[in-house]
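Given next are the chains, with one letter for each unit.
Number of protein chains: 2
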Amino acid sequence: MTDVDYCVVGAGFAGLSAALRLKQSGRSVALLEARDRLGGRTFTETRDDGVWIDRGGAWVGPGQDRIYALMDEFGIPTYQQYTDGDAMMVVDGKQYRYRGTIPMTMSTWAVANLGAVFLELGELCKTIPLDAPWEAKRAAEWDRISLAKWLDDNVVSRPARELLEMAIAGCYTSAASEVSFLFVLYQMASGGGPGFVLGVEGAAQDARPVGGMGAIYRAMAAELGRSIHLSQPVRSIEQDDDGVTLRTAQLKVRARRAVVAVPIAIASQIHYEPMLPVDRSLLHQRMPSGSILKIAALYDEPFWRADGLSGQSAAPGSPAMVTIDAGTDVPAPGVMCIIVEGPPARALASMADGDRRAAVVGALAERFGKRAAAPIDYVEQNWTTEEYSGGGMLSHAPTGVLTEFGSALREPCGRIHWAGTETSSVMCGWIDGAVRSGERAAREVVAADHFVGAGAVADRR
Amino acid sequence: MTDVDYCVVGAGFAGLSAALRLKQSGRSVALLEARDRLGGRTFTETRDDGVWIDRGGAWVGPGQDRIYALMDEFGIPTYQQYTDGDAMMVVDGKQYRYRGTIPMTMSTWAVANLGAVFLELGELCKTIPLDAPWEAKRAAEWDRISLAKWLDDNVVSRPARELLEMAIAGCYTSAASEVSFLFVLYQMASGGGPGFVLGVEGAAQDARPVGGMGAIYRAMAAELGRSIHLSQPVRSIEQDDDGVTLRTAQLKVRARRAVVAVPIAIASQIHYEPMLPVDRSLLHQRMPSGSILKIAALYDEPFWRADGLSGQSAAPGSPAMVTIDAGTDVPAPGVMCIIVEGPPARALASMADGDRRAAVVGALAERFGKRAAAPIDYVEQNWTTEEYSGGGMLSHAPTGVLTEFGSALREPCGRIHWAGTETSSVMCGWIDGAVRSGERAAREVVAADHFVGAGAVADRR
Chain H
28 MTDVDYCVVG AGFAGLSAAL RLKQSGRSVA LLEARDRLGG RTFTETRDDG VWIDRGGAWV
88 GPGQDRIYAL MDEFGIPTYQ QYTDGDAMMV VDGKQYRYRG TIPMTMSTWA VANLGAVFLE
148 LGELCKTIPL DAPWEAKRAA EWDRISLAKW LDDNVVSRPA RELLEMAIAG CYTSAASEVS
208 FLFVLYQMAS GGGPGFVLGV EGAAQDARPV GGMGAIYRAM AAELGRSIHL SQPVRSIEQD
268 DDGVTLRTAQ LKVRARRAVV AVPIAIASQI HYEPMLPVDR SLLHQRMPSG SILKIAALYD
328 EPFWRADGLS GQSAAPGSPA MVTIDAGTDV PAPGVMCIIV EGPPARALAS MADGDRRAAV
388 VGALAERFGK RAAAPIDYVE QNWTTEEYSG GGMLSHAPTG VLTEFGSALR EPCGRIHWAG
448 TETSSVMCGW IDGAVRSGER AAREVVAADH FVGAGAVADR R
Chain U
28 MTDVDYCVVG AGFAGLSAAL RLKQSGRSVA LLEARDRLGG RTFTETRDDG VWIDRGGAWV
88 GPGQDRIYAL MDEFGIPTYQ QYTDGDAMMV VDGKQYRYRG TIPMTMSTWA VANLGAVFLE
148 LGELCKTIPL DAPWEAKRAA EWDRISLAKW LDDNVVSRPA RELLEMAIAG CYTSAASEVS
208 FLFVLYQMAS GGGPGFVLGV EGAAQDARPV GGMGAIYRAM AAELGRSIHL SQPVRSIEQD
268 DDGVTLRTAQ LKVRARRAVV AVPIAIASQI HYEPMLPVDR SLLHQRMPSG SILKIAALYD
328 EPFWRADGLS GQSAAPGSPA MVTIDAGTDV PAPGVMCIIV EGPPARALAS MADGDRRAAV
388 VGALAERFGK RAAAPIDYVE QNWTTEEYSG GGMLSHAPTG VLTEFGSALR EPCGRIHWAG
448 TETSSVMCGW IDGAVRSGER AAREVVAADH FVGAGAVADR R
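Residue numbers (the numbering used here), protein chains in the order written: chain H, 28 to 488; chain U, 28 to 488.
Simulated from the structure, these hints should not be mistaken for laboratory data. One or more hints might be untrue.
You can't tell identical chains apart in this list, so a pair holds if it fits in one copy or across any two.
Keeping only pairs whose Cα atoms sit at most 20 Å apart, straight-line, the calculated SDA-like set for lysine to any residue is [to be verified]:
#, residue 1, residue 2
1, Lys279, Arg262
2, Lys164, Arg383
3, Lys164, Arg262
4, Lys164, Gly252
5, Lys121, Ala143
6, Lys279, Ser55
7, Lys279, Thr29
8, Lys153, Gly220
9, Lys153, Asp334
10, Lys164, Asp179
11, Lys121, Asp327
12, Lys153, Arg64
13, Lys164, Gly220
14, Lys164, Glu100
15, Lys121, Ser55
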């Protein structure tokens with residue numbers, strides 16, 4: 028039995044941020060994490076040679092001020108994502124090299140189509156009120172169709188449509204048919220528009236922290252110290268007039284309020300007593316996670332750079348669907364990151380381990396030459412089987428969910444408050460959104476106690 | 028610690044049917060139910076005067092052979108739903124009386140539109156392969172749009188569209204924007220087409236068992252006797268090479284195989300060790316329940332019958348959205364059943380109890396005259412707050428889910444088999460579908476053991 032001011036569930040960036048800010052403001056905190064590791068949907072593995080591999084979320088970019096603030100606080104520098112050289116695209120088995128966001132090697136018609144769609148998406152995003160996307164003037168219309176349907180109706184060129192479907196649906200690690208078009212616009216708008224979401228330099232994949240994401244979350248954890256309890260999946264949260272009681276198989280934590288900072292499908296696996304309000308209960312059934320495999324292939328050096336390639340490539344249908352140079356801030360080894368999302372991730376994950384590795388490495392060799400065929404190390408992270416993420420990377424809203432249940436996303440349920448990147452109206456889906464959500468939840472619980480408790484928090488300081 | 032051949036989770040019609048058939052074939056069974064009552068999404072309350080009120084699923088109709096077989100087996104007769112007299116429709120505050128399925132009081136244009144849409148839905152249903160709706164030729168197209176979008180594009184008359192949206196989305200107790208159009212076609216096809224789904228006489232609301240659904244499930248339970256354990260929410264199911272171990276707070280049951288017969292969102296709250304295969308895990312996050320209030324207002328007699336009214340009425344936007352005469356097989360008392368589904372159910376449920384009753388009874392009085400204003404009894408069932416149903420009545424598939432994950436609906440996961448009306452390709456969503464699913468799961472576990480166990484079942488008899 029632990030008695031604290033606040034109990035936080037989930038030690039990803041959202042939960043760590045909530046707990047850290049609460050502790051820094053003088054409150055006592057318990058942070059319960061189901062897994063035996065920190066980081067949630069980020070997960071940095073550091074090899075004996077000092078090379079770090081981000082097996083989950085990895086990049087930061089302009090506008091993501093709160094994750095940058097954390098890095099400032101802990102003195103963690105960033106380095107720029109390698110972007111020199113050509114990107115590659117594989118369409119119908121043929122490889123094209125290109126520079127910039129739009130592959131000019133496509134037909135003029137396809138390029139024009141792609142450009143027009145980008146502009147259109149950007150314009151539509153501007154009409155989304157970030158705090159209440161369901162109040163957009165055309166919200167009802169956009170929430171009645173999937174992303175796939177919108178692409179069908181708005182992208183006439185087949186190669187352009189396939190590329191967009193892979194790129195955009197990839198962000199939600201699900202099939203384009205599963206994701207509400209309103210949710211797509213909202214999520215893009217929360218990052219500043221489609222250019223930020225789909226771009227690299229000056230956008231969502233602009234830079235990385237030295238040491239990987241783990242450098243940040245380990246620093247946060249060090250400050251939280253013994254407040255963190257690993258391997259403690261929370262089974263139940265009871266509320267009464269005075270506080271909350273959280274139970275794991277071993278622990279019972281009594282607190283004034285709880286912050287639940289886990290993916291939405293995972294929050295649904297906790298037993299709440301009394302039952303949560305209807306809209307929140309039903310929301311828990313309605314924002315699923317997707318599928319993603321993130322693989323790192325290590326080489327003595329990033330040989331593709333010498334060939335004038337950036338390492339970025341996109342190949343719909345390939346076992347190496349998307350690649351990006353994931354090297355650290357030193358020149359060696361070379362790290363090629365392979366990201367496979369949505370239905371292809373499920374297909375790839377279902378293969379036998381050896382077959383999958385052979386397929387991925389084979390596709391790399393076809394794309395980057397035979398040196399790619401013999402990595403010195405190969406690290407796979409299958410987020411579809413991460414029980415306590417419920418899949419990867421971002422929970423999405425199917426059609427109808429934002430307009431019907433969106434307002435329940437952040438609304439506290441009595442003494443239970445909600446964090447997690449999905450609850451952030453800025454940078455929703457990114458690590459920065461997770462940090463923002465945790466900091467917002469920390470402010471929220473303190474403010475709620477000042478309001479209802481008439482100085483109770485101040486008394487305890 | 029209980030050692031049995033098979034353990035069934037959930038004592039709704041699916042679980043009861045599975046357990047009954049297994050027991051009748053000589054196997055030992057444990058049936059674990061989370062609630063302190065039987066019936067799942069059916070729930071019959073029998074008053075002291077013998078009047079029964081079905082607070083959940085209530086009707087049966089032609090083609091629902093397996094629920095009829097159960098009634099035959101236990102000697103439970105049926106009686107016809109009262110359908111004499113006019114039905115009523117309230118559009119824009121004006122009341123219309125009509126007979127037949129289509130309210131001819133609407134404009135000729137609206138009636139023609141409604142008729143054409145019914146015919147079109149019927150034709151589309153015929154193209155759905157019930158065992159694999161995702162293999163329909165146009166499955167991908169239909170699974171990219173919500174029911175709402177299809178209605179927008181195909182029903183030009185506004186009153187016709189509103190009526191259809193209320194009637195069809197009502198079947199899924201959710202907003203029309205939430206439900207995949209492919210799922211709508213599949214579910215309708217599984218019942219024989221839109222005429223069955225939306226009809227009364229000779230259709231889905233043709234008849235009722237004498238004594239209500241409880242007469243059937245209590246008879247089944249009597250035969251199962253001490254195999255049933257109430258108030259035992261299952262927390263975990265572990266699988267190993269030899270069998271399964273199910274744990275509740277008090278019980279530990281060891282069995283050869285498990286049949287999980289609960290709504291899909293509820294199945295997701297059980298902890299599985301090892302983790303379920305990816306497609307099943309992700310399916311658990313993707314088929315939500317909806318919202319429904321079912322209310323019975325009792326009167327000394329069914330006074331509306333004398334006024335030439337059947338008691339059937341539809342009033343989009345009213346607190347008494349849909350009504351139907353729910354009398355028993357004797358002339359008194361009169362029972363008026365009020366059904367409110369989807370978003371209006373959430374709105375109504377959020378009102379204070381007294382306000383809600385006043386609103387519902389007030390709407391009845393407006394529609395059926397002032398005698399409706401003073402019921403002798405008033406019974407509410409709010410399925411949105413039934414924790415172990417996760418809402419009501421039928422889990423639906425949002426867009427993209429059937430095509431991506433549909434094949435996981437019935438696919439056993441090692442020694443865990445799945446039942447529940449949502450897994451039935453015939454009468455999916457009805458009580459009959461639940462019975463079929465339970466009987467199919469019973470056959471499945473026995474066949475699996477004959478196959479892998481080389482006579483192990485026979486040895487134990």
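So, going through the hints one by one against the coordinates:
1. Lys279 to Arg262: both (10 Å within a copy, 18 Å between copies)
2. Lys164 to Arg383: Cα proximity of Lys164 and Arg383: none, with 46 Å in one copy and 31 Å across.
3. Lys164 to Arg262: neither (41 Å within a copy, 44 Å between copies)
4. Lys164 to Gly252: neither (47 Å within a copy, 58 Å between copies)
5. Lys121 to Ala143: neither (24 Å within a copy, 48 Å between copies)
6. Lys279 to Ser55: within (15 Å within a copy, 38 Å between copies)
7. Lys279 to Thr29: The answer is within: 6 Å in one copy meets 20 Å, while 29 Å across copies does not.
8. Lys153 to Gly220: Answer is within; shortest intra-copy Cα gap is 8 Å, inter-copy 43 Å.
9. Lys153 to Asp334: Close neither inside one copy (40 Å) nor across copies (57 Å); limit 20 Å.
10. Lys164 to Asp179: between (22 Å within a copy, 17 Å between copies)
11. Lys121 to Asp327: neither (28 Å within a copy, 79 Å between copies)
12. Lys153 to Arg64: For Lys153 and Arg64, neither the intra-copy (39 Å) nor the inter-copy (52 Å) Cα distance is at most 20 Å.
13. Lys164 to Gly220: Intra 18 Å, inter 36 Å, cutoff 20 Å: intra-copy only.
14. Lys164 to Glu100: neither (40 Å within a copy, 57 Å between copies)
15. Lys121 to Ser55: Result: close neither inside a copy nor across copies, 59 Å intra and 61 Å inter.
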